[in-house]
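Chemist: Since chain H is already given, all that's left is putting chains C and B on it; use the hints.
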Amino acid sequence: MKTHTQYLTFNTNDKIEFINITEKIKEIISQSQVKEGLCLINAMHITASVFINDEEEGLKKDFKKWLEELASSGKKYFHNLTGESNAHAHLKRTIMGREVVLAITKGKLDFGPWEQIFYGEFDGHRPKKVIVKIIGE
Amino acid sequence: MKTHTQYLTFNTNDKIEFINITEKIKEIISQSQVKEGLCLINAMHITASVFINDEEEGLKKDFKKWLEELASSGKKYFHNLTGESNAHAHLKRTIMGREVVLAITKGKLDFGPWEQIFYGEFDGHRPKKVIVKIIGE
Amino acid sequence: MKTHTQYLTFNTNDKIEFINITEKIKEIISQSQVKEGLCLINAMHITASVFINDEEEGLKKDFKKWLEELASSGKKYFHNLTGESNAHAHLKRTIMGREVVLAITKGKLDFGPWEQIFYGEFDGHRPKKVIVKIIGE
Chain H
0 MKTHTQYLTF NTNDKIEFIN ITEKIKEIIS QSQVKEGLCL INAMHITASV
50 FINDEEEGLK KDFKKWLEEL ASSGKKYFHN LTGESNAHAH LKRTIMGREV
100 VLAITKGKLD FGPWEQIFYG EFDGHRPKKV IVKIIGE
Chain C
0 MKTHTQYLTF NTNDKIEFIN ITEKIKEIIS QSQVKEGLCL INAMHITASV
50 FINDEEEGLK KDFKKWLEEL ASSGKKYFHN LTGESNAHAH LKRTIMGREV
100 VLAITKGKLD FGPWEQIFYG EFDGHRPKKV IVKIIGE
Chain B
0 MKTHTQYLTF NTNDKIEFIN ITEKIKEIIS QSQVKEGLCL INAMHITASV
50 FINDEEEGLK KDFKKWLEEL ASSGKKYFHN LTGESNAHAH LKRTIMGREV
100 VLAITKGKLD FGPWEQIFYG EFDGHRPKKV IVKIIGE
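Taken in order, these protein sequences are the chains called H, C and B.
Under numbering that gives the first Met the number 0, the residue at position 76 of the first sequence is numbered 75, and the numbers go up by one with no gaps.
Under numbering that gives the first Met the number 0, the residue at position 17 of the second sequence is numbered 16, and the numbers go up by one with no gaps.
Under numbering that gives the first Met the number 0, the residue at position 60 of the third sequence is numbered 59, and the numbers go up by one with no gaps.
One chain only, chain H, in its complex shape (with noise of 0.2 Å):
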């Protein structure tokens, strides 16, 4: 049995914004050497996402959009009573997920056609971590 870990770092220009790490993500797949298993990836802030879907900025407007009006950042929230102001940043990337767990198939991402992975930040302008943590043989 084979495991291979990995960190990635993020430091967002922009409060929300989503960052394409399929490419490193196969990256790091080669290099555990790992042949047949799976891959978990997550975020490791509460306010921070991996998720995976398209890659076609459209899509991605229609994301970010959606999710203001799923958790409104102008919202009063018991959260903010505390200083903070990301609690509707905790809400959106609860609608996105923590994580994905990936399967490798003959050493390779066993992916459909369209499908890449995202780093979804909520609450951006500081360096958050990603942890790559891989099982197989």
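Source of the hints: derived by calculation from the structure; they are not laboratory data.
One should not assume that every hint holds.
Same chains, same label: a pair holds when it works inside one copy or across any pair of copies.
Derived DSS-like pairs: lysine-lysine, alpha-carbon spacing no greater than 27 Å straight-line [unchecked claim]:
#1 Lys64 - Lys105
#2 Lys127 - Lys105
#3 Lys127 - Lys34
#4 Lys14 - Lys105
#5 Lys1 - Lys34
#6 Lys34 - Lys74
#7 Lys63 - Lys1
#8 Lys34 - Lys107
Modeler: Showing chains C and B alone in chain H's frame:
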């Protein structure tokens, strides 16, 4: 360590449709001969989902109605300016989730009394794949 | 390869309640003696959730209020025609997610600074199980 990989293909009659795949997954787990491990099942298309809920007709109708309220097919979306009409399907699948990870114990799906696995289609009428990846011993 | 399986049972006082299970999960990981691997934790009931977020009272209130806005307990649901009253709980759990998958590194939960694991109950007052399944070496 054992690993097992299998693909399922779905081509639904309806644009939005939920298909119960629990028995199919039980068969695949049995074929894998894995006694203790994890089973990843994910939609390989980004307008489809694999999720776990109840086999109850009323609830399935509730899910469809609710998803249409949260991500209406009748709204304007940037993604649809590309010629697509399925932006809402990307959003609906995000709510329902891309994947599930299941426990295998003593050679069987380790499930609660009402857990059932569904393939969720949100932009049907064409063949789409689901991967089942099992690792364990 | 090592695997470890354990079950937790929760019977909440409130219909909707979040219970922090992080310390319990750390103990189970320690008992498993797995040094490098993955840990799946999932609610075995379809009106409950396991999710990761912040241990902050205000935010927990925000989550409950927000979920009630997105999936109101006061609406009419087809599922409730069966005699149930918990359709809203199925929808709320869908937003929060069924499961989490965690990395184990050097024998410990590989977590970010604010990550905390919660059992989320949306239709309480009866015993419900959660499975913890660990695989690794």
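Chemist: Each hint: holds or not?
Modeler: Do the hints match the structure? See the list:
1. Lys64 - Lys105: For Lys64 and Lys105, the Cα distance exceeds 27 Å both inside one copy (39 Å) and across copies (41 Å).
2. Lys127 - Lys105: between (31 Å within a copy, 21 Å between copies)
3. Lys127 - Lys34: Classified as between: cross-chain Cα gap 25 Å, same-chain 29 Å, threshold 27 Å.
4. Lys14 - Lys105: neither (38 Å within a copy, 33 Å between copies)
5. Lys1 - Lys34: Answer is both: 10 Å inside a copy and 12 Å across each meet the 27 Å cutoff.
6. Lys34 - Lys74: Neither way: Lys34 and Lys74 sit 48 Å apart in one copy and 44 Å across, limit 27 Å.
7. Lys63 - Lys1: For Lys63 and Lys1, neither the intra-copy (38 Å) nor the inter-copy (41 Å) Cα distance is at most 27 Å.
8. Lys34 - Lys107: Classified as both; 7 Å inside a copy, 25 Å across copies.
Checked against the numbered hints above, the structure breaks hints 1, 4, 6 and 7 and satisfies the rest.
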